[in-house]
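Engineer: Using the hints, position chain B against chain A.
Number of protein chains: 2
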Amino acid sequence: MDKLTRDIRMQCPIPISDYPTVQLAHGGGGMLMHQLITKMFAPAFDNELLRTQHDGAVFEVPRGRMAFSTDSYVVSPLFFPGGDIGSLAVNGTVNDLSMCGARPLYLSVGMILEEGLPMETLWRVVQSMKKAADHAGVALVTGDTKVVDKGKGDGIFINTAGVGVIEHDLRIAPDSVMAGDAILVNGDLARHGITIMASREGLAFESRIDSDCAALNHVVQKLIADGLDIHCLRDLTRGGLASALVEIAEASSLHINIKQTDIPVRDDVHGACEMLGFDPLYVANEGRMAVFLPEDQADRALEIMRGDAEGKGAVKVGSVDSTDSKLVTLTSHIGANRIVDMLSGEQLPRIC
Amino acid sequence: MDKLTRDIRMQCPIPISDYPTVQLAHGGGGMLMHQLITKMFAPAFDNELLRTQHDGAVFEVPRGRMAFSTDSYVVSPLFFPGGDIGSLAVNGTVNDLSMCGARPLYLSVGMILEEGLPMETLWRVVQSMKKAADHAGVALVTGDTKVVDKGKGDGIFINTAGVGVIEHDLRIAPDSVMAGDAILVNGDLARHGITIMASREGLAFESRIDSDCAALNHVVQKLIADGLDIHCLRDLTRGGLASALVEIAEASSLHINIKQTDIPVRDDVHGACEMLGFDPLYVANEGRMAVFLPEDQADRALEIMRGDAEGKGAVKVGSVDSTDSKLVTLTSHIGANRIVDMLSGEQLPRIC
Numbered sequence: 001m002d003k004l005t006r007d008i009r010m011q012c013p014i015p016i017s018d019y020p021t022v023q024l025a026h027g028g029g030g031m032l033m034h035q036l037i038t039k040m041f042a043p044a045f046d047n048e049l050l051r052t053q054h055d056g057a058v059f060e061v062p063r064g065r066m067a068f069s070t071d072s073y074v075v076s077p078l079f080f081p082g083g084d085i086g087s088l089a090v091n092g093t094v095n096d097l098s099m100c101g102a103r104p105l106y107l108s109v110g111m112i113l114e115e116g117l118p119m120e121t122l123w124r125v126v127q128s129m130k131k132a133a134d135h136a137g138v139a140l141v142t143g144d145t146k147v148v149d150k151g152k153g154d155g156i157f158i159n160t161a162g163v164g165v166i167e168h169d170l171r172i173a174p175d176s177v178m179a180g181d182a183i184l185v186n187g188d189l190a191r192h193g194i195t196i197m198a199s200r201e202g203l204a205f206e207s208r209i210d211s212d213c214a215a216l217n218h219v220v221q222k223l224i225a226d227g228l229d230i231h232c233l234r235d236l237t238r239g240g241l242a243s244a245l246v247e248i249a250e251a252s253s254l255h256i257n258i259k260q261t262d263i264p265v266r267d268d269v270h271g272a273c274e275m276l277g278f279d280p281l282y283v284a285n286e287g288r289m290a291v292f293l294p295e296d297q298a299d300r301a302l303e304i305m306r307g308d309a310e311g312k313g314a315v316k317v318g319s320v321d322s323t324d325s326k327l328v329t330l331t332s333h334i335g336a337n338r339i340v341d342m343l344s345g346e347q348l349p350r351i352c
Numbered sequence: 001m002d003k004l005t006r007d008i009r010m011q012c013p014i015p016i017s018d019y020p021t022v023q024l025a026h027g028g029g030g031m032l033m034h035q036l037i038t039k040m041f042a043p044a045f046d047n048e049l050l051r052t053q054h055d056g057a058v059f060e061v062p063r064g065r066m067a068f069s070t071d072s073y074v075v076s077p078l079f080f081p082g083g084d085i086g087s088l089a090v091n092g093t094v095n096d097l098s099m100c101g102a103r104p105l106y107l108s109v110g111m112i113l114e115e116g117l118p119m120e121t122l123w124r125v126v127q128s129m130k131k132a133a134d135h136a137g138v139a140l141v142t143g144d145t146k147v148v149d150k151g152k153g154d155g156i157f158i159n160t161a162g163v164g165v166i167e168h169d170l171r172i173a174p175d176s177v178m179a180g181d182a183i184l185v186n187g188d189l190a191r192h193g194i195t196i197m198a199s200r201e202g203l204a205f206e207s208r209i210d211s212d213c214a215a216l217n218h219v220v221q222k223l224i225a226d227g228l229d230i231h232c233l234r235d236l237t238r239g240g241l242a243s244a245l246v247e248i249a250e251a252s253s254l255h256i257n258i259k260q261t262d263i264p265v266r267d268d269v270h271g272a273c274e275m276l277g278f279d280p281l282y283v284a285n286e287g288r289m290a291v292f293l294p295e296d297q298a299d300r301a302l303e304i305m306r307g308d309a310e311g312k313g314a315v316k317v318g319s320v321d322s323t324d325s326k327l328v329t330l331t332s333h334i335g336a337n338r339i340v341d342m343l344s345g346e347q348l349p350r351i352c
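Respectively, the protein sequence lines represent chains A and B.
To convert, note that position 149 of the first sequence is 149 in the numbering used here; the numbers rise steadily by one, no gaps.
To convert, note that position 95 of the second sequence is 95 in the numbering used here; the numbers rise steadily by one, no gaps.
Pulled out of the complex, with its shape left as it was, chain A reads as follows (with noise of 0.2 Å):
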């Protein structure tokens, strides 16, 4: 055992060696429940909402519009280069509030938990959690724990929903996407997918490559603060642009081509791809997004994007077209039009 883990076990609020694992009655409403409660996530979670110890959490908010999303998360395996299924939950929720240009304010955390799961592993995914919403400013406020039997899980799924408050007048929505739109991406793709395949497959490539999971809420406030003009933010996550784009362009009913000379992608990545039979552009990412702003306005937005640590490697990677085609076309390296369709069965299982 080397030292982290020691130090981490010794940490863990639930004495290990009373309780390596989690029990049935660690989700029974008993006092089993109520010591990993007030034990584990109150302290770990601490802020002046969860303290109330109420069904739900009670918060004043401003009159105007608000933002109110969920996702579900059942990554395999649970840790993986550059993340863990808690920074994840974390950061897809306040990344889906960000798209719609909100300011994520409070998270809920529903866990559900195979009985048998290590407590050790409970405690590193709550520490990963706190540590994400710091990093994201949000406050996990209200929660939920249900064990079920040994076989009819798999370690932990996490459940996150979250509210945010929007501070401004843009309709940042798939169909606000306007003819004449440029389409950046924040930095390059496909590595998420790229690590959690390589990680459930023990497949080691020459370099190293790590998940991009992070949250945008930041890079996104920057955008919105400046004044610019921004129809759509969208990350791109299952599907990965390909996806995300043919979604839109569906919304919107118009025209979108991206070019691939311009689209970032590592080379390592790419030779990943390569090699598991992945096309980059269907692989999903944790913490990239397309932005859709008018073309004259995508040199300012990608200068505010390189300033932050989220969008180092921004770039602009197509636009949007006046013809009502509702098609996503890309153009190739020898300058070929090809259509970009949906997936039509999926890459890539539990990558988030």
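Please note that the accuracy of each hint is not assured.
Any copy will do: because identical chains look the same in the list, a pair fits if it lies in one copy or spans two.
Claimed, not checked - Derived lysine-lysine pairs resembling BS3-like cross-links, with alpha carbons at most 30 Å apart:
| no. | residue 1 | residue 2 |
| --- | --- | --- |
| 1 | Lys39 | Lys326 |
| 2 | Lys222 | Lys3 |
| 3 | Lys152 | Lys39 |
| 4 | Lys3 | Lys259 |
| 5 | Lys152 | Lys130 |
| 6 | Lys131 | Lys3 |
| 7 | Lys131 | Lys259 |
| 8 | Lys3 | Lys326 |
| 9 | Lys312 | Lys130 |
| 10 | Lys131 | Lys312 |
For the record, the hints were derived by calculation from the structure and aren't laboratory data.
Structural biologist: Showing chain B alone in chain A's frame:
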């Protein structure tokens, strides 16, 4: 195959002949997931917010207090007399918001489906959620679907989160409970847990026992609208009346006394509890709550509750004492007092 089953199969918007069961690709971000969302979920839950197909729902709120809550549902079996996982998932979160004194507005739905789940089962659950949401007057405005490999889940797990508005100045919370408060419940206890246990074990009783699963928002809104000085509301789910009172005694630092002769438990439920070795005080309910308010307002509150479909069996079960013992005591049939403790183990796994 009976007519009802045939009708449900015929109406399933994903042709059961093409997709008799849920596939991994139904959660993969591609065409099959798109079909499931646009053909089944979107039309069933249809509302203006859902129609934007965005990463979250955006809505206007008035300035003031809001409540936010979440619960995951892992009940086994999925269908039981008086409800199913779908109605439970809607009513549970509606009730959590109601216990905060909020009027529930919007719910999110996060589904974790197991590969191989019959498509018909999913369709039944979706319809049940829609019906429950309509009855409670809430809209399902945003959601997420994940599919896990066969053997890594158990049919369907559902998370719902919800937001609601607080339209009064009361501070309804455990630490608002005061000495002299009466404790009311809105009907007979322990039916939900016993129903689940009986369904799971294939037990049949002489009389039919249905779950009490119900939405409590309408009866709570009536109590609030009448101007009653409600101090605390608590739904009596996992851990039953006993665990709820123990938590509130602790949070309020006051002594709670309940009278066994006043606690409403149906004779057949009592018999089932004795047979199965359960104490009805600890058995879960899904449509029952405890109401704390000044003793002199108890009669008026009971009158209002009895006038609502979800409060016909409302009675006073106890009161809050001025001593600061933080204990819950039960005065038995013969007048003896015993301490009511939190259950150390788990009485009934996976009842919600």
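Engineer: The structure should be examined with respect to each hint, and the outcome stated for every one.
Structural biologist: Tested hints:
Proximity of Lys39 and Lys326 under a CA criterion of 30 Å is satisfied inter-copy only: 19 Å between copies versus 53 Å inside one chain copy. Within a single copy, Lys222 and Lys3 get their C-alpha atoms no closer than 40 Å, and across copies no closer than 58 Å, so neither meets the 30 Å cut-off. Within a single copy, Lys152 and Lys39 get their C-alpha atoms as close as 26 Å, and across copies as close as 28 Å, so both meet the 30 Å cut-off. With identical chains, the CA atoms of Lys3 and Lys259 are never at most 30 Å apart, being 49 Å at best within one copy and 54 Å at best between copies.
Taking the closest pair of Cα atoms, Lys152 and Lys130 come within 30 Å of each other both inside a single copy (27 Å) and across two copies (26 Å). For a Cα distance limit of 30 Å, the shortest separation of Lys131 from Lys3 inside one copy, 20 Å, qualifies, whereas the shortest one across copies, 54 Å, does not. For the identical chains of this complex, Lys131 and Lys259 are neighbours neither inside a copy (37 Å) nor across copies (47 Å), given an alpha-carbon limit of 30 Å. For the identical chains of this complex, Lys3 and Lys326 are neighbours neither inside a copy (56 Å) nor across copies (42 Å), given an alpha-carbon limit of 30 Å.
Within a single copy, Lys312 and Lys130 get their C-alpha atoms as close as 25 Å, which meets the 30 Å cut-off; across copies the closest is 44 Å, which misses it. For the identical chains of this complex, Lys131 and Lys312 are intra-copy neighbours only, at 22 Å inside a copy versus 48 Å across copies, given an alpha-carbon limit of 30 Å.
Hint compliance for this structure: hints 2, 4, 7 and 8 are broken, all remaining hints hold.
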